[in-house]
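Participant: Single-letter residue listing:
2 protein chains.
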Amino acid sequence: MPSKLNIYNSLSRKKEEFQPLNPPFVGMYVCGPTVYSDAHLGNLRTFTSFDIVYRYLKYLGYKVRYVRNITDVGHLVDDADEGEDKIGKQAKLEKVEPMEIVQRYTNGFHDMMSQFNCLNPDIEPTATGHIVEQIETIQKIIDNGWAYEVNGSIYFDVKKYSEKHHYGKLSGRNIDEILEGTRTLDGQDEKKNSVDFALWKKASPEHLMRWDSPWGVGFPGWHLECSVMSTKYLGETFDIHGGGLDLKFPHHECEIAQSVGADGNEPVKYWMHTNMLTVNGTKMSKSLGNSFLPHELVNGDHPLLEKGYSPMTVRFFMLQSHYASTLDFTNEALSAAEKGYKRLMKAFKEVQSLEFGVGEVSNEINDLIIKLCKKCTEDLNDDFNTALVLANLFELSNKVNAFANNQLPISSVSRETFDLLQKTFKDFIEDILGLKADEDKGGDGKLDATLSLLIELRKKAREEKDFATSDQIRDQLATAGILLKDSKEGTTWEIK
Amino acid sequence: MPSKLNIYNSLSRKKEEFQPLNPPFVGMYVCGPTVYSDAHLGNLRTFTSFDIVYRYLKYLGYKVRYVRNITDVGHLVDDADEGEDKIGKQAKLEKVEPMEIVQRYTNGFHDMMSQFNCLNPDIEPTATGHIVEQIETIQKIIDNGWAYEVNGSIYFDVKKYSEKHHYGKLSGRNIDEILEGTRTLDGQDEKKNSVDFALWKKASPEHLMRWDSPWGVGFPGWHLECSVMSTKYLGETFDIHGGGLDLKFPHHECEIAQSVGADGNEPVKYWMHTNMLTVNGTKMSKSLGNSFLPHELVNGDHPLLEKGYSPMTVRFFMLQSHYASTLDFTNEALSAAEKGYKRLMKAFKEVQSLEFGVGEVSNEINDLIIKLCKKCTEDLNDDFNTALVLANLFELSNKVNAFANNQLPISSVSRETFDLLQKTFKDFIEDILGLKADEDKGGDGKLDATLSLLIELRKKAREEKDFATSDQIRDQLATAGILLKDSKEGTTWEIK
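Chains A and B, in that order, give the protein sequences. Going by the numbering used here, the first sequence opens with residue 18, and the numbers climb by one from there. Going by the numbering used here, the second sequence opens with residue 18, and the numbers climb by one from there.
For the record, the hints were derived by calculation from the structure and aren't laboratory data. Don't take each hint at face value.
Which copy? The list can't say, so a pair holds if one copy fits it or any two copies do.
[Claimed, not checked] Each computed SDA-like pair below joins lysine to any residue, with the alpha-carbon atoms no more than 25 Å apart:
no., residue 1, residue 2
1, Lys106, Asn137
2, Lys505, Ala478
3, Lys476, Thr496
4, Lys443, Ala419
5, Lys106, Lys249
6, Lys453, Asn316
7, Lys21, Phe35
Can you build the whole structure from these sequences, using the hints too?
Facilitator: This is how it looks when you write it as structure tokens:
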């Protein structure tokens with residue numbers, strides 16, 4: 018019996034069989050970036066992980082509506098509803114309109130997503146684009162008795178809510194512990210309890226981003242937008258909600274409280290969280306100076322990096338870990354990933370050009386290949402274990418190489434198995450893992466074609482002992498940044 | 018004395034010297050696409066024209082804030098405030114959420130802009146992202162007495178407005194003629210006069226896009242967003258407002274009335290309009306079947322097109338006409354543009370690799386080159402006449418070719434003139450006209466390098482009468498889609 022998709026649900030803390038609420042439709046919401054600076058590597062890892070989820074669900078035939086928001090207002094510097102708006106602060110620093118900051122970093126984020134081959138979500142709503150809806154939801158929460166107004170701001174009454182509902186169910190925190198852990202209220206604070214959070218904040222005179230509301234001029238609280246936009250586009254209850262682990266508390270916990278507070282419904286069936294990044298075993302953080310940006314990783318432009326790695330190498334590297342494990346960046350691991358990625362793509366190219374021939378089938382080989390192909394699906398069904406999928410593809414690559422080098426006759430497998438092998442490579446590498454040939458190989462295969470011709474001419478020159486010509490070809494290519502590598506199997510080339 | 022920038026102002030119907038309201042700042046607003054289908058060629062022409070304006074103003078040292086909106090609600094199928102919302106209609110047809118339509122075509126539009134090398138605007142606001150602001154503006158207009166409510170909809174009272182203000186000043190239309198020209202009101206119509214236009218429309222039960230407002234659930238009228246967003250991001254009066262000629266009436270006329278009605282100010286100092294497209298002399302229109310999309314033009318995928326043209330060829334082609342002239346698409350003109358574009362880019366490459374050498378200066382040549390370089394600026398200052406700029410660059414290209422082929426000694430010009438020549442090519446081609454080498458030439462110049470090597474090896478083979486090798490090189494490249502062309506000056510290559 019074919020295996021079924023199982024997802025580790027952060028809410029239940031166990032793997033559950035995936036059963037969408039309204040098949041064949043699947044609604045998925047992922048918390049997107051706050052666009053006040055370049056997207057960081059943690060963003061990239063999170064969105065790449067959910068790109069796999071999106072691709073695989075579509076591959077399985079579901080009609081997925083993938084919503085990933087852009088936070089362009091309300092995310093304050095301090096998580097405790099204090100401090101400046103992150104975007105407003107950056108706008109003041111650069112002396113521009115906040116929406117110019119939003120535009121610049123949204124464009125940059127999109128460029129990055131495209132560079133790393135992440136598919137676009139179906140809807141990419143913005144917080145400022147849903148002020149009316151946010152005001153309506155706040156009014157509902159007030160009407161239901163879960164929020165209160167103080168001096169033009171509206172706060173969610175977490176303590177009152179927690180008397181009837183389980184605040185802390187997602188993060189596993191206890192309301193009393195949270196109350197003890199948060200700083201005590203000083204006389205300035207207008208909240209009833211430190212655990213309460215803002216749904217709407219009154220705008221001070223110097224606050225740049227501001228809208229009129231029934232409670233005066235202000236701006237929405239950061240947690241609100243995700244509840245409002247997921248409800249608008251996916252309904253009061255939807256299938257999958259994803260985000261980085263750092264968002265589990267308080268952001269996602271607050272989202273649950275807001276939805277229950279507004280509609281009385283649990284908003285999400287499956288909660289998924291991606292884990293954090295480390296560098297050489299240490300948590301990656303700006304303050305430690307050990308965090309690099311995606312473009313620095315690609316250009317090798319950071320003291321901790323020995324060289325740059327192509328976007329597809331980085332993508333491959335990230336997929337070598339399960340999304341729920343921490344991911345450690347080291348030069349050794351990245352270099353190994355670069356080699357691994359090239360090896361995999363070489364096998365992919367080879368398997369596409371193999372031609373089937375009938376002969377005597379080896380049951381052993383045939384069964385092994387079928388097993389490995391099936392295991393790709395099983396491993397992905399096991400909470401999207403891309404690390405194991407890649408391991409299977411490498412085992413399969415060994416067989417592909419053997420076929421390509423005539424060490425193993427292609428007829429060792431049946432026509433059906435041969436087709437399955439080709440399809441498995443194509444489906445998993447291209448469609449599901451979203452890997453593709455590195456772009457620096459030149460447009461349209463034309464560089465490939467010219468280099469094949471040069472390698473052929475060089476071989477002929479060497480056979481004719483015309484070493485001047487063969488050296489000229491090698492040297493001029495080296496000057497252009499192209500290395501020729503000779504081996505028993507022939508000559509290959511790579512970009513330096 | 019250096020010439021100054023003059024702009025043809027559609028409002029005054031004459032060329033005026035450009036004097037920004039608050040130098041060095043310039044505010045520019047351009048009406049963006051309604052994202053319910055693929056952007057059409059008219060959009061491309063308009064946004065490329067204003068890309069030149071944006072680039073040139075920045076080049077002149079102005080700090081430009083360029084705002085180009087995305088219309089994602091309120092644009093109805095029928096201009097007379099009737100019919101379905103264009104996006105809502107498409108969403109119903111495809112059975113998706115309207116915002117999925119918006120997302121898809123916004124992404125497609127961005128891809129197209131990037132393909133044709135148009136710079137991103139500084140802010141790209143959406144109509145749905147400014148519902149609160151639109152409601153506030155409507156309230157102001159009502160309070161000022163220029164709008165009235167009927168059954169949950171708000172209409173601008175054009176007749177009343179025109180008693181005090183000049184409605185029709187931009188389009189040159191007379192209010193009585195407009196009233197005669199529009200269809201008479203039937204009993205169903207709730208407007209006081211057929212010339213009135215909607216600021217807010219009550220949403221019928223089946224209308225998908227809807228927001229709460231002081232007048233009930235509805236959606237904003239199409240004209241309103243541009244007034245509201247230009248005011249929000251550029252102020253009540255700003256420098257330049259651009260758009261296609263088809264928007265002059267009623268859209269831009271209504272914008273003026275809305276701004277005057279809300280704030281009492283004329284909103285725009287310089288109105289600019291791009292002209293329409295024709296195909297083989299006939300107006301391009303969907304109903305005539307003679308309109309092709311930008312990607313069809315690039316792929317050659319339309320019965321009227323003999324072949325495809327690269328995005329840069331198309332850009333070059335468009336810049337060969339003044340933005341305020343109609344632009345006629347014919348296969349002959351496009352093919353000629355393709356040749357012209359290649360010739361220009363060849364000269365650009367040559368001028369960059371020229372090296373100066375001292376000798377006897379020819380005053381005639383020297384003066385001619387200075388004159389042509391200066392004329393590039395003068396022509397652009399004359400209402401952005403890109404057609405004449407290109408003509409100057411071609412005249413300069415002839416001299417560059419003569420230098421490159423040693424028909425003219427480089428020492429005919431002074432060091433200063435030589436620098437001016439190089440700078441003029443770089444500034445105008447790259448920075449101002451936004452032309453760049455076609456991308457299909459292969460990554461990073463590596464294809465260039467390998468092909469130079471192959472051309473060299475082929476030359477050697479022919480000198481050694483090794484025609485087998487020289488033919489092999491030519492034939493294998495032809496198979497790969499690369500044509501070698503021999504001439505007196507040597508061998509060049511091009512992508513088929």
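Participant: Okay, which hints does this one fail, numbers in order?
Facilitator: none
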